[in-house]
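Chemist: Work out the full structure: start from the sequences and follow the hints.
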Amino acid sequence: MEAKKKTLLEIHNLSVAFWMYNGILTQDQLQVISDLQLTVYPGEIVAVAGSSGSGKSLLASAILGLLPGNAVVRGHLYYRGKELDSVQQTRLRGKEIAWIPQSLTYLDPLMKVGKQADGHRKPYPTQKRRALFQRLNLPKETENLYPFQLSGGMARRVLVSTAMLTDAQLVIADEPTPGMSLEQALEALKLFREMADQGRAVILITHDIDLALAFADKIAVFYAGTTVEIASASEFRMGPAALRHPYSKALWQALPQNGFQPIEGFQPYAGALPKGCLFAPRCSQATKECKEQKPAIRSVRGGEVRCFYAT
Amino acid sequence: MRKGMSGRLSRTFFIYGLKIITLLLGVSIVSFLLVSASPVNPVQQYLLKIGPVSPQQQEEIEEYWGMDKPLMERYLTWLGELLQGNLGESALYRRPVKDVIGERFSGSLTLMVSAWICSGGMGISLGCIMGIYQDKWPDKLLKKLCYLLSCVPTFWLGLIFLLIFSVILGWFPIGFSSPIGILRQEVTLWQRLHHLVLPAFTLSLMSFSPIALHTRQKLIEVMNSEYVLFARARGEGKWMLLLRHGLRNILLPALTLQFASIAELFGGSVLTENIFSYPGLGSAVSAAGLNSDVPLLLGITLFSTLFVCIGNMIANLLYEVVNPQIGSYTGEVSR
Amino acid sequence: MKGINQRTKAVAFALCMMGMLIAVYTFGLLISEEAMMSGFQNAHQPPSWKYPFGTDALGRNLLLRTIKGLSVSITVGIVASLISALIAALVGMATAVGSKRVDAVVGWWIDLVMGVPHTVFILLISFALGRGVKGLLVGIAATHWCSLARLIRGEVLQLRCQQYVAVSRRLGKSGGWILIHHLFPHLIPQFFVGLVLMFPHVILHEASISFLGYGLPPEQPSIGIILSESIRYLSAGMWWMAVLPGLVLVGIVWGLERLADYLHRILDPYSVQE
Chain A
1 MEAKKKTLLE IHNLSVAFWM YNGILTQDQL QVISDLQLTV YPGEIVAVAG
51 SSGSGKSLLA SAILGLLPGN AVVRGHLYYR GKELDSVQQT RLRGKEIAWI
101 PQSLTYLDPL MKVGKQADGH RKPYPTQKRR ALFQRLNLPK ETENLYPFQL
151 SGGMARRVLV STAMLTDAQL VIADEPTPGM SLEQALEALK LFREMADQGR
201 AVILITHDID LALAFADKIA VFYAGTTVEI ASASEFRMGP AALRHPYSKA
251 LWQALPQNGF QPIEGFQPYA GALPKGCLFA PRCSQATKEC KEQKPAIRSV
301 RGGEVRCFYA T
Chain B
1 MRKGMSGRLS RTFFIYGLKI ITLLLGVSIV SFLLVSASPV NPVQQYLLKI
51 GPVSPQQQEE IEEYWGMDKP LMERYLTWLG ELLQGNLGES ALYRRPVKDV
101 IGERFSGSLT LMVSAWICSG GMGISLGCIM GIYQDKWPDK LLKKLCYLLS
151 CVPTFWLGLI FLLIFSVILG WFPIGFSSPI GILRQEVTLW QRLHHLVLPA
201 FTLSLMSFSP IALHTRQKLI EVMNSEYVLF ARARGEGKWM LLLRHGLRNI
251 LLPALTLQFA SIAELFGGSV LTENIFSYPG LGSAVSAAGL NSDVPLLLGI
301 TLFSTLFVCI GNMIANLLYE VVNPQIGSYT GEVSR
Chain C
1 MKGINQRTKA VAFALCMMGM LIAVYTFGLL ISEEAMMSGF QNAHQPPSWK
51 YPFGTDALGR NLLLRTIKGL SVSITVGIVA SLISALIAAL VGMATAVGSK
101 RVDAVVGWWI DLVMGVPHTV FILLISFALG RGVKGLLVGI AATHWCSLAR
151 LIRGEVLQLR CQQYVAVSRR LGKSGGWILI HHLFPHLIPQ FFVGLVLMFP
201 HVILHEASIS FLGYGLPPEQ PSIGIILSES IRYLSAGMWW MAVLPGLVLV
251 GIVWGLERLA DYLHRILDPY SVQE
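Chains as they are written, first to last, in our numbering: chain A, 1 to 311; chain B, 1 to 335; chain C, 1 to 274.
Hints were generated in silico from the structure; no laboratory data involved.
Don't take every hint at face value.
Claimed, not checked - Ranges of calculated distance between the beta carbons of each label pair, as one might list FRET restraints:
id	chain 1	residue 1	chain 2	residue 2	range
1	B	58	C	175	54 to 62 Å
2	A	82	B	134	30 to 38 Å
3	C	58	B	14	56 to 64 Å
Ideal Cβ positions, reconstructed from N, Cα and C, are used throughout, including at glycine.
Modeler: In structure tokens, the structure reads:
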């Protein structure tokens, strides 16, 4: 109980599946997130890293309660120690929890950007927003443009600003940096850092591990819809020896500065997940046990890992 | 950017203007051919209606129609007169066709504009309700109503309204745009409105279901869009979403559809005006046909084509003015 | 299971509707003028067991007259929508297969037909052909083909881009062969659905034009004519003359719309899946 009070967000065994029509007669369940675990403390930036298709974007919708109607959600979410049910989700959306979506299509095509960033809550934070736009290197006339007139990088900065304008304690940023120049990206991440230093928390969903490493406190490695390892950023910087899961190690080795070695094989398709460990088909150390049983998440050396053999 | 837009607009305007001219020419040829093919002789018909005339007058009429000349020449003579603004003389009303159209059009315009606004308002608001409550009972009920209305002939609906509201309840007069026996100048605005309500309502019921169903479809699309998902994530509720994003993205296509449906509105007004004995172009055109008043028939055909084409042009222009996305591709700022 | 059920239901309903239409149609044909007459002494009778729809000013049995009128309407509807659909198919295919110029000319022509309000156009054509059934048929057929023609044109253009059509062409198959083997299987369902969808519209238009006094001659028992006669007796409170035949017309049109909808589902199951 004591620990729960201190955390900002806890995710326990979260699973998300979609009902899909398979032909006319049968329905299939598509498992996109399985048994996900994640804990976020105030003042933290948690990077959620993984290749595309690992279900990380759906995490934001699941936390906000915005999954489409054909989704089946299991598991528990706690916000400040309190169960985050749909009533709470509706109440907290945009106030306590803010989401930064990843593309231009999340902006209303017929509303000017400035008005849109101000949001629907009165009084409109126009002055604050102008200052923020300036800090994010958005030219003054941006507020009078329509979304289709923005470049990808500009759109992302506008989207980042929407979250900064709220007093949200938890910001979930989905790939906020692509399309920005390096300086702009650094500025945006600096904003996240400042937020975290004020005691708020940021979940940074990204595939750019380098950038995440520079700003995040903790890294959650995502694979096929689940967290395979949660390690501190410093461990990630140290390299494979400090890491626990074979996939994290492989991910580290795939980074350009570490030799660019890709791992063989493909992430399994959500409709055809392996029976045992989700990474087993691609793992060089996999045993019979790995192929038949799902490893539970456990603590190893202060971090968390989902592997039978991690030490 | 603004300059590019106005350039584009004037270009559309110009192209559409040209198209309207060719269409009007085409309609004038087709309708003249049709009228010439009819067994009715316009001169004889005119003389029959109007009674004995002086030889000089008869000569004038025969010259207007050029009866003994070949078809092509007759058409050209008629077209020439038409371009000079001479649409001929209506035998039915014993006045120049131009005057008849002018006078009748003001009546029709009042009727059509009120029906247009009414059906637009009803269609969009009911469409919004259907879209918001997608697949719940208000949606199902209204959808059924829309489908049912599309099966009901306008003129029968008019008859039923006449029966219920005028004959049984006595709330509204049985016909005409103003009380009979009162001079035009003495008719009050209230009396006019009183005579307008039933026909306008009938006409608007005819045209509201397509717009309502279209709005519903569009609103459902908008509500399933990513930008509405984001707006919901920022805490906007159902009605706030409708106000801030729904209407903004729906109104334009709805308005465009509404302008594009003027042809049906005009067609409906022919029936409505006949049922309610409302003196407008619609009742004049059917009377012209029944009484073989050829110049009036031709005049109204051309006039209604012009009216419909202008409606379509407004729909096109509107789309370009209000939708910034079509406006310019040069305005992109990337930094 | 659900899919099969839907389909069976659609087929059953379509058959029911067709059966009803055919019954109304044949019954209407069998009714003679004399059967309708019940004598002047029975004029202006409100609905009763003997005359469920009441009688009109000449003492005619309105129920029989309505059914007879419906069978006339159905005939007109079938003929006019068939002509219209054939025009649409020919024009649509010509624009899609022919040169750009053909396409432009047809496009302009469609704009022209759509530019004149349908009712006005039908009145004009009907006037030119001396009113009556001929004018009505030609008028309706000449104005209703546009949207189906556009649809078929789009369909052909889309099919022409399909890979298997390109392969057949590469293999040296003739245009006619491609037309029969690749295009027709897709176009024929479209054509029938378009035809059936047009049917209720045509019936409504027939009724309105007859109502205005253009279509069928006054002695023909068309619904439009019954209703236009009823308007004179409306202020005298003879509601049955307007209400009941109109309700039957609404019922028939509604049934036809449903039939079209179900046929659409049966013939073209993919396009209507929600």
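Chemist: All hints, please: hold or fail.
Modeler: Hint check:
no. : hint                     : result
1   : B:58 - C:175: 54 to 62 Å : 60 Å, holds
2   : A:82 - B:134: 30 to 38 Å : 32 Å, holds
3   : C:58 - B:14: 56 to 64 Å  : 60 Å, holds
Figure legend: structure checked against the earlier numbered hints; every hint is met.
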